[in-house]
Each structure stands twice: as C-alpha cells, then as structure tokens.
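Student: Chains A and B, in that order, are what the protein sequence lines are. What the first sequence shows, in our numbering, is residues 1 to 115, in sequence order. What the second sequence shows, in our numbering, is residues 116 to 229, in sequence order.
Derived by calculation from the structure, the hints in this document are not laboratory data. The beta carbon of each residue, even a glycine, is placed where N, CA and C say it ideally should be. Among the clues, some could well be false.
Claimed, not checked - Within a straight-line C-alpha distance of at most 20 Å, the following computed EDC-like cross-link-like pairs (lysine to aspartate or glutamate) qualify:
id, chain 1, residue 1, chain 2, residue 2
1, B, Lys170, B, Asp180
2, B, Lys135, B, Glu178
3, B, Lys156, A, Glu10
4, B, Lys135, B, Asp180
5, A, Lys102, B, Glu202
6, A, Lys3, B, Glu174
7, A, Lys3, A, Glu26
8, B, Lys156, A, Asp86
9, A, Lys38, A, Glu15
10, A, Lys102, B, Glu178
11, B, Lys156, B, Asp203
12, B, Lys179, B, Asp203
13, A, Lys70, A, Glu59
14, B, Lys156, A, Asp22
15, A, Lys102, B, Glu167
16, B, Lys181, B, Glu202
17, A, Lys70, A, Asp22
18, B, Lys129, B, Asp180
19, A, Lys3, A, Asp22
20, A, Lys70, A, Glu26
21, B, Lys135, B, Asp203
22, B, Lys179, B, Glu137
23, B, Lys156, A, Glu44
24, A, Lys102, A, Asp29
Said to hold, decoys possible - Just the calculated beta-carbon pair ranges, DEER-fashion:
id, chain 1, residue 1, chain 2, residue 2, range
25, A, Ser53, B, Ser188, 25 to 35 Å
26, A, Val84, B, Gly131, 42 to 52 Å
27, A, Val14, B, Ala187, 45 to 55 Å
28, A, Thr5, B, Glu174, 16 to 26 Å
29, B, Glu178, A, Val14, 40 to 50 Å
30, B, Arg125, A, Val84, 18 to 28 Å
31, B, Ser169, A, Lys16, 46 to 56 Å
32, A, Val85, B, Val118, 37 to 47 Å
33, B, Arg225, A, Arg110, 17 to 27 Å
34, A, Ser71, B, Ala187, 42 to 52 Å
35, B, Glu174, A, Gln57, 28 to 38 Å
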Amino acid sequence: AQKVTQAQTEISVVEKEDVTLDCVYETRDTTYYLFWYKQPPSGELVFLIRRNSFDEQNEISGRYSWNFQKSTSSFNFTITASQVVDSAVYFCALSRGQGAQKLVFGQGTRLTINP
Amino acid sequence: GAVVSQHPSRVICKSGTSVKIECRSLDFQATTMFWYRQFPKQSLMLMATSNEGSKATYEQGVEKDKFLINHASLTLSTLTVTSAHPEDSSFYICSARRGQETQYFGPGTRLLVL
Numbered sequence: 001a002q003k004v005t006q007a008q009t010e011i012s013v014v015e016k017e018d019v020t021l022d023c024v025y026e027t028r029d030t031t032y033y034l035f036w037y038k039q040p041p042s043g044e045l046v047f048l049i050r051r052n053s054f055d056e057q058n059e060i061s062g063r064y065s066w067n068f069q070k071s072t073s074s075f076n077f078t079i080t081a082s083q084v085v086d087s088a089v090y091f092c093a094l095s096r097g098q099g100a101q102k103l104v105f106g107q108g109t110r111l112t113i114n115p
Numbered sequence: 116g117a118v119v120s121q122h123p124s125r126v127i128c129k130s131g132t133s134v135k136i137e138c139r140s141l142d143f144q145a146t147t148m149f150w151y152r153q154f155p156k157q158s159l160m161l162m163a164t165s166n167e168g169s170k171a172t173y174e175q176g177v178e179k180d181k182f183l184i185n186h187a188s189l190t191l192s193t194l195t196v197t198s199a200h201p202e203d204s205s206f207y208i209c210s211a212r213r214g215q216e217t218q219y220f221g222p223g224t225r226l227l228v229l
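Turn these sequences into a full structure, and let the hints guide you.
Tutor: Below, the structure is given as structure tokens:
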C-alpha cells in the first residue's frame, strides 16, 4: 500500500526565514511519481512540482527547492526567504507509475508566514 | 495551460434536493478526471475516478448511487449529489489528468446542505 506522511501539522515562521516542509512516503512500486501542491485560503490546489522515481536530482525554482532522497524515502520542500503570500496548506502526494495513478495525499502542513 | 474550472463555486441547498457540480478542463483533453472531498482542516479524500465514455470507479465506502458521476466528453465531468443531507456538506474538488502523470485541480465547490 502507498502512504504519505507529513509529520508537521503546522509551522509558523517570521517573514524572510527559510522553512522546510517534510514529506516521507511508502511504496513498493519501483516506478512512481511524487508531487507537491499548495492550497491557499481560496481552496484551489496549485501544482508546484512533479518528480519521477528515477530522477533524484534536486530542483530549484526561484525561492522553492526540493530535495528527493530515495534512500530515506523523502521528498522535502524548502522555501527560502519566505513571504506572507507563501502562507497556505502544502500537500505532498504520491502516485503509481502505471494504472489509474490515483494520488495519495499526506495530511498537509499548514504554513503561516508572519510579517 | 492546464486550467481546470468548476461550477458552481458555492452552493446552498435544502435537504433532499440534488446538486450537480461541473468540472471542465479548459485547455486540454482529459480522459481521466478525479473527484475528491475535503473536510475542514483535513486532507483530500478520493471519491471516484471518472473515465470518459465509461463508468466511474468508486473508492471503498463511497456510495455510487448517491454520488453520480458522468464523464460525457474529454473536457467535462459532472458529480451529482443526490438527495443531499447536511452530512454531505463539504468542499468538493475535481482534478483532470493531463498526459500520464500530473493532475491539475479545479478551484473547488463548497456545498452546504441545510
């Protein structure tokens, strides 16, 4: 069975601090995809990144960076120089590489950036 | 690209009535769409997988006669909550899969059943 664990329920930091959101996953598949989505107060889920299981390269996109480590089954997300607009709930998700490819979501981390 | 819309964004209805929610992929074709339900401060729960031209696949514990799903075209899936009750009040979100990997989500529909 597949499972995603986001152990941090809530994080609160002051603006301009760096913050890392943890994501640990479980799967028996050799081919799978990992995702991060952002859910602002409006409710819409915004796609941030997709990473397949064969690509362990870290990725940076502006102030966002992702660290994928198969050895520890983790896919952590770091926001550098956080801003108030980064306040949202962030979900990590996992899908199989084949078949229905249903997303299995973690419980989400509520991130609050205080001015 | 990869825009998904939902309509309505918010609906209030009386107990016993049926409510239809539309999910559209605006700039791509989606053979597969998904319907989720989210309770306050909780994660998303997959309700069903909607495949164009065929019956939806429901997750365990989801009543298919209560939550009717129709995927009539490559850009439209509908979810009908039949004989709604207050416990059906929730945030319903659809997603459309573009290509083979990524799901893009709609803005969600807040349903309140009085």
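Student: Hint by hint, work out which the structure violates, then give me just those numbers in ascending order.
Tutor: 5 and 32
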